[in-house]
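Undergrad: Here is what each chain is made of, one letter per residue.
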Amino acid sequence: MSKVTIPIGPQHPALKEPARFCLTLNGEKIYEIDLRLGYNHRGIEKACEERTYIQAMYLVERVCGICSHSHSTAFIQAVEEIAGLQLPRRGLYIRTLIAELERIHSHLLWLGVAGHEVGFDTLLMYAWRDRELVMDILADLTGNRVNYGINTIGGVRRDVTPRQIERVTKAMDTFEERTKYYVQVATEESTLIARLSNVGKLCYDDAMRLGAIGPTARACGLERDARKADPYGLYGELDFKVITDKHSDVYGRAVVRLLELMESYRIIRQLCKGMPEGPIAVKAPRKIPAGEALSRYEAPRGEDVHYVRGNGTDKPERVKIRAPTLANLQAVAKMLEDNYLADTTIVIAAIDPCFSCTDRAVLLKKSRRRNEEPVLWNSLRDYGIAWHRKQGLDFGDMNRRFGRMMERSSR
Amino acid sequence: MTALIGILVFPGVFFLSLFGLVCEFVDRKLHARLQHRVGPPWFQPLADFIKLVSKETIIPEEADRTMFRLMPALAVAAAAAAALYIPMWSAKALFSFSGDVIVVIYLLTIPTLTFFLGGWSSTSLYAMIGSVRCLTQLFAYEVPLFMGVLAPFMLASTWNFSELAEFYRAHPGYMIFNVIGFAVSLVALMGKLEKVPFDIPEAETEIVAGSFTEYSGRYLALFRMAVDIEMVVGASLLAAVFLPFGLGLPAGVAFALYVIKVLFVVVLLSILRTLFARLRIDQMVDFCWKYLAPASLVQLLINLAVKGALLS
Numbered sequence: 000m001s002k003v004t005i006p007i008g009p010q011h012p013a014l015k016e017p018a019r020f021c022l023t024l025n026g027e028k029i030y031e032i033d034l035r036l037g038y039n040h041r042g043i044e045k046a047c048e049e050r051t052y053i054q055a056m057y058l059v060e061r062v063c064g065i066c067s068h069s070h071s072t073a074f075i076q077a078v079e080e081i082a083g084l085q086l087p088r089r090g091l092y093i094r095t096l097i098a099e100l101e102r103i104h105s106h107l108l109w110l111g112v113a114g115h116e117v118g119f120d121t122l123l124m125y126a127w128r129d130r131e132l133v134m135d136i137l138a139d140l141t142g143n144r145v146n147y148g149i150n151t152i153g154g155v156r157r158d159v160t161p162r163q164i165e166r167v168t169k170a171m172d173t174f175e176e177r178t179k180y181y182v183q184v185a186t187e188e189s190t191l192i193a194r195l196s197n198v199g200k201l202c203y204d205d206a207m208r209l210g211a212i213g214p215t216a217r218a219c220g221l222e223r224d225a226r227k228a229d230p231y232g233l234y235g236e237l238d239f240k241v242i243t244d245k246h247s248d249v250y251g252r253a254v255v256r257l258l259e260l261m262e263s264y265r266i267i268r269q270l271c272k273g274m275p276e277g278p279i280a281v282k283a284p285r286k287i288p289a290g291e292a293l294s295r296y297e298a299p300r301g302e303d304v305h306y307v308r309g310n311g312t313d314k315p316e317r318v319k320i321r322a323p324t325l326a327n328l329q330a331v332a333k334m335l336e337d338n339y340l341a342d343t344t345i346v347i348a349a350i351d352p353c354f355s356c357t358d359r360a361v362l363l364k365k366s367r368r369r370n371e372e373p374v375l376w377n378s379l380r381d382y383g384i385a386w387h388r389k390q391g392l393d394f395g396d397m398n399r400r401f402g403r404m405m406e407r408s409s410r
Numbered sequence: 000m001t002a003l004i005g006i007l008v009f010p011g012v013f014f015l016s017l018f019g020l021v022c023e024f025v026d027r028k029l030h031a032r033l034q035h036r037v038g039p040p041w042f043q044p045l046a047d048f049i050k051l052v053s054k055e056t057i058i059p060e061e062a063d064r065t066m067f068r069l070m071p072a073l074a075v076a077a078a079a080a081a082a083l084y085i086p087m088w089s090a091k092a093l094f095s096f097s098g099d100v101i102v103v104i105y106l107l108t109i110p111t112l113t114f115f116l117g118g119w120s121s122t123s124l125y126a127m128i129g130s131v132r133c134l135t136q137l138f139a140y141e142v143p144l145f146m147g148v149l150a151p152f153m154l155a156s157t158w159n160f161s162e163l164a165e166f167y168r169a170h171p172g173y174m175i176f177n178v179i180g181f182a183v184s185l186v187a188l189m190g191k192l193e194k195v196p197f198d199i200p201e202a203e204t205e206i207v208a209g210s211f212t213e214y215s216g217r218y219l220a221l222f223r224m225a226v227d228i229e230m231v232v233g234a235s236l237l238a239a240v241f242l243p244f245g246l247g248l249p250a251g252v253a254f255a256l257y258v259i260k261v262l263f264v265v266v267l268l269s270i271l272r273t274l275f276a277r278l279r280i281d282q283m284v285d286f287c288w289k290y291l292a293p294a295s296l297v298q299l300l301i302n303l304a305v306k307g308a309l310l311s
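First to last, the sequence lines map onto chains A and B.
Just so it is clear: in the first sequence, position 249 is 248 by numbering that gives the first Met the number 0, and no numbers are missing.
Just so it is clear: in the second sequence, position 155 is 154 by numbering that gives the first Met the number 0, and no numbers are missing.
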């Protein structure tokens, strides 16, 4: 067979979100990769500048459906730093508890997806069945299964009861037992090992050079974990290990995630045991003083970085989000080189990509004009309305009514 | 007239289709239960079939229309034709001649070829890659399947199903020697039916649906029916060759026994496909030539030795 170019994406059954990997194949082997992002840009950073800090927090939580708590925590950590707020201990404990529960749910989700990508649907069904347990706990603690909305500037919004703590502790036993079983499956099932090991190799130096983070980096033996490197919240006081692995392939990434699950159970046990009494939040000012802060947060997928600059009003002047997937994408192109077509999807899936988190234009420019000027949020909105009107869709009436309603309610 | 009824209704196309749907249901339900899922209700395969038949058919502009339309029908025809030579619940098949086992095995190869040709003539990239994988896989499992299936015939010194049945009725104990052949044929059959871990030609996370990517409506329904019939025929073949007992019983009992035998093979296939991850095409070829083919050779050697020692 001569060289064939096969597009994976923007729409493809293996991809849960739109991204385009254009693969040039030489038989079954990958010869060249062309990667394109940006199908899912939603303008969240820009939108944050038009909203108050509290509104922006809920918006930022929706950057990602899986690590929603990660994004909102990373954001408000920066805001709290600017405002100089001292968080109550109980609030911190609850925030960390949710963070670790989220890690469990994310890693179990990944395990299932990885199983599905290599055609091992049984693993998908098992992992997702167990994931339901943690989803139920999260729903019990926060009221929601995904976008928890438990964070608020200065603490958390909901307290936990002793009964809930007991439930969480009890669930950890079940999780531990199940995870041990998955570790056993991963280390003993021959077809699974055949599909995962020596696939998507990324050596230590390349991981260093390309700036890989999270489990992807840790599977290359790189000890990169924001929880240890730059302890935020409670992590400085908690006892846990940074899991690393020397396999440097997809198999190593699976092992790292599975063992990290075990660490998460340990952390949650400590949190449940040492949960202090007291208030869960402090009152935060509506107007945040001028200043800037950079917040690092170890999301399940890797380090999540948020930058916030305040100008003394109740709205942030600039918010910048660097989602973990963006840092790992360079590494994916490297990993895919000289692999089989059949391994493409598992190699991409192995970094646990989240393209909607990643897609983020720094600056939108009008392309037709010579003197390129940035497009503002309002003009973007006007452009959208005009475009839809041209297509025969006019929401003008509804918009005006909605605007009046908002005005009345704010008065 | 009897022959026509035999071909079209019982035990021909109609019966095979129905039984194929039953087998698909058993396979899907068991697969689901093993995965802690609820699984489909009993009529789901039939409902799927009716739904597909009633849907619009879309044929790609670039595709070779004649080939594209012809292949599904050919697949069903070939799979169903193979069934006519396999004895199911009596020692005698509907049609029989000396050497019919060779014809059956080759007829069972035709559906795979139609998958290849159908996918190739639909000109989609995914379908083409799936088709190429289909053929690559064919070369890997076909030889072990042939040798595995032919080993019991060698023991009976015949190329005819009916004579094979007569031989094992006379010497039931000899069935035990064919265990390796049964295992090899079962695994090779999984390759033929494109089931996990050998579902490489239709790996949904890589190449959408492989050869069937561009197929829709009644052509897809026919292809799926062909796969179902292939499953029944393949299972019947294994039952006839490796489990040739109880063929002399009264018709009703023998029929029930036949159904149980086929379902037993289907259940085995279903359990196996729950247990594994999909292999890569190179790993699949490696596996077939490194383990499956030698195993079938061992089976041939055993049968030669048994024949020399016990039957001479």
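It should be emphasised that the hints constitute simulated quantities derived from the structure, not laboratory data.
Cβ atoms here follow ideal geometry from the backbone N, Cα and C, with glycine treated the same way.
One or more of the hints may lead you astray.
Taking lysine-lysine and the BS3-like style, the derived pairs with C-alpha atoms no more than 27 Å apart in a straight line are [claimed, not checked]: (1) A:Lys333 with A:Lys314; (2) A:Lys272 with A:Lys286; (3) A:Lys200 with B:Lys289; (4) A:Lys169 with A:Lys240; (5) B:Lys50 with A:Lys28; (6) A:Lys200 with A:Lys15.
If the Cβ cut is set under 10 Å, some of the chain B residues that face chain A in the computed set are [said to hold, decoys possible]: (7) Lys28; (8) Leu29; (9) His30; (10) Val131; (11) Ser161; (12) Glu162; (13) Ile199; (14) Ala202; (15) Arg272; (16) Leu278; (17) Ala292.
Undergrad: Now tell me if each hint is right for this structure.
TA: Hint check:
1. A:Lys333 with A:Lys314: violated (40 Å)
2. A:Lys272 with A:Lys286: violated (36 Å)
3. A:Lys200 with B:Lys289: holds (26 Å)
4. A:Lys169 with A:Lys240: Distance ~22 Å between Lys169 (chain A) and Lys240 (chain A) Cα, so the pair holds.
5. B:Lys50 with A:Lys28: Violated, at about 38 Å.
6. A:Lys200 with A:Lys15: holds (23 Å)
7. Lys28: Status violated, d = 14 Å.
8. Leu29: violated (12 Å)
9. His30: holds (9 Å)
10. Val131: holds (7 Å)
11. Ser161: violated (39 Å)
12. Glu162: violated (39 Å)
13. Ile199: At about 7 Å, which falls below the 10 Å cut-off, the nearest Cβ of chain A leaves the hint on Ile199 (chain B) intact, so it holds.
14. Ala202: holds (6 Å)
15. Arg272: Given a least distance of 9 Å, the restraint on Arg272 (chain B) holds.
16. Leu278: holds (6 Å)
17. Ala292: violated (19 Å)
Of the numbered hints stated above, those contradicted by the structure are hints 1, 2, 5, 7, 8, 11, 12 and 17, listed in ascending order.
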